[in-house]
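Student: Residues per chain, in single letters:
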Amino acid sequence: MTAELNVVGQSVDRSDGVGHVTGRTVYTADHLFPATLHLKMVRSPLHHARIRGIDLSEAMRVPGFVRALTAKDVPHNRYTILGLIGVEPEEEFVLAEDRVRFKGEAIVAVVAETEAAALEAVAKVRLDLEELPAVFDVEEALKPDAPIVTHWGNNTFMYEGHPCRRVRLGDVEAAFAQADLIVEGVYNTSPIEHAPIETTGCIAVPEANGRYTVYTNTQALYFSLDNTSIILQVPGNRLHFVGGTVGGGFGGKVDVIVEPIATLAAMLTNRPVRFWYSRSEEMQVSSTRSAWRIYLKDGVTKDGRISARKVTSYADCGAYSRQTPYALTKHAANAAGPYAIPNVSIDAYCVYTNRQPSSAMRGFGVAMASFALEVQMDKIAERVGVDPWTIRFINAYRNGDMKPHRKLAEDATLIETMQAAARLVGHELPEEFRTMTSAPRGASHGEDR
Amino acid sequence: MASTIVTFELGDRVVEVMVAPMTTLQSVLRNQLGSLATKDGCRQGGCGSCTVLVDGEPMMSCLLPVEDVAGRRVATLETITPAQGLHPIQQSFIDHDGFQCGYCTPGMVMVSKALLDHDPSPTEDDVTLALAGNICRCTGYQPIIRAVGAAAQAIRANDGEVAR
Chain B
1131 MTAELNVVGQ SVDRSDGVGH VTGRTVYTAD HLFPATLHLK MVRSPLHHAR IRGIDLSEAM
1191 RVPGFVRALT AKDVPHNRYT ILGLIGVEPE EEFVLAEDRV RFKGEAIVAV VAETEAAALE
1251 AVAKVRLDLE ELPAVFDVEE ALKPDAPIVT HWGNNTFMYE GHPCRRVRLG DVEAAFAQAD
1311 LIVEGVYNTS PIEHAPIETT GCIAVPEANG RYTVYTNTQA LYFSLDNTSI ILQVPGNRLH
1371 FVGGTVGGGF GGKVDVIVEP IATLAAMLTN RPVRFWYSRS EEMQVSSTRS AWRIYLKDGV
1431 TKDGRISARK VTSYADCGAY SRQTPYALTK HAANAAGPYA IPNVSIDAYC VYTNRQPSSA
1491 MRGFGVAMAS FALEVQMDKI AERVGVDPWT IRFINAYRNG DMKPHRKLAE DATLIETMQA
1551 AARLVGHELP EEFRTMTSAP RGASHGEDR
Chain P
240 MASTIVTFEL GDRVVEVMVA PMTTLQSVLR NQLGSLATKD GCRQGGCGSC TVLVDGEPMM
300 SCLLPVEDVA GRRVATLETI TPAQGLHPIQ QSFIDHDGFQ CGYCTPGMVM VSKALLDHDP
360 SPTEDDVTLA LAGNICRCTG YQPIIRAVGA AAQAIRANDG EVAR
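Residue numbers (my numbering), protein chains in the order written: chain B, 1131 to 1579; chain P, 240 to 403.
Where hints are given, some of them may not hold.
[Stated by the list, open to error] Example chain P residues on the side facing chain B (calculated, C-beta under 7 angstroms, incomplete):
| no. | residue |
| --- | --- |
| 1 | Phe247 |
| 2 | Gln329 |
| 3 | Tyr342 |
| 4 | Pro345 |
| 5 | Tyr380 |
Calculated directly from the structure, the hints in this document are not laboratory data. Ideal placement from N, C-alpha and C gives every residue a C-beta, glycine not left out.
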């Protein structure tokens, strides 16, 4: 039976293509409203400090100054994006209260008639800050004498009462004792900024019916609406959120950073308020992918089978964890890699430091695990004396294999993907790998371990 | 300092704007003239999304005081878009998937137009060099480079004629 296919196998124009090439696509920043006020943020110049005082007197004399907002103006001054799914505790402040925990943390929102006036007023707000010791390294942050970043007394996110997310399968220590080789490695990644060409921003517009229309380039419209509703303590039906074409996100626009404060400013002034990140804010203040440090210890047989893998991971979530605790859970589920390893132990820590907060970015905790694991696999191959293909084929998981987090592997395609990759790069695989499949062990090919 | 009146050509019309000193061409285009195809990505001359043509040369409008274009010809993505249909460069960006989010596309099309107006047969290196000031975070650039090369071919095949 051959059906006529209209889309599969055809080149289909994107529905937004003409808009993009003619400049007619409307991005959030392209919504312009008369009498719009501009919001700019006074930010901490220090990595960690106690706030002793805020002096607005000079700022208020700037022509065009309309008003300033501080923590006491925010009805529920806590921002905890994962609070929507019951994650506790509430940790971040919409505007800082007694302490700032990273360089760039928002302290005072200034609203003015023009951007220039807002910037001038921001420059004239006088902060009285007492600098505190800061910590910038995950393992330093876990030492007993480290400065404490959080308000609950230690520097780790707590997973059901534990300082780390733990995964256990079999007995790694017993397997290490019997292994022919032990291969260890430590892998570090840097924080990465998504750097969308369109920076983060929104415009909140008071409507005649008492509602607020919020035009935003969020990637997560309902996260934005719900968090704004919680922070402002107004029912969701007074908020009308309008999304649209996002000028690049990559996970960086999943946090709800601009909407609550812009909407509050619109409520307090009864004017449209635009809060748009400058490029510097996008780079230095918006969430990054967290920095990671991953320790791997593998027990390996002399023919290259990995019998045990121990993973200790630290995600540097920065001063506030945002979506990193969730990224870390995904990391822990994937930290042994797509390999069938009978003994696994994973401890993954989400650690607070005085760095820029981290959050979602494509790959979400898994990309860094893959980086560490695949470099480690090459290292194992070298130690065993086989090529990088061999080490992966002989350890690849198959359908029906038990993964460390107690899920059976389903729809495994690692073997078939590697076979396709080998064909594409013109690498000739030996017969045993060419004919290998992801079928359950003991099935058609009868190959078992 | 007092505001001044600046007159320049925008496409085929003459525009007159009143501006405070050091107002950028980008700000005038977006906030006074409604030319929203000219994007705002960094205001530092770093991303190229605000690129327009001034007397045929690509310039980043975020760094250009509007006084500097007094009496000169400015082209934006709107002014080079034909009344009917698309410029061959625009069509080629669609045909070769030269965008994902589209935010850098106006700047990409403008620098490509400046390149092809000067040199109808650029090498791939010429294209890469012409695009070097424009950042795209989605595509990895290869589809854009292919789109510009194919647009050059399409324009040459039509004896250099571009519908207007």
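Student: Would you mind marking each hint as holding or not holding in the structure?
Tutor: Hint-by-hint comparison with the structure:
1. Phe247: At 19 angstroms from the nearest chain B Cβ, P:Phe247 fails the 7 angstroms test, so the hint is violated.
2. Gln329: holds (4 angstroms)
3. Tyr342: Since the shortest Cβ distance to chain B is 3 angstroms, the answer is holds.
4. Pro345: holds (5 angstroms)
5. Tyr380: Hint on P:Tyr380: violated, closest Cβ of chain B at ~13 angstroms, above 7 angstroms.
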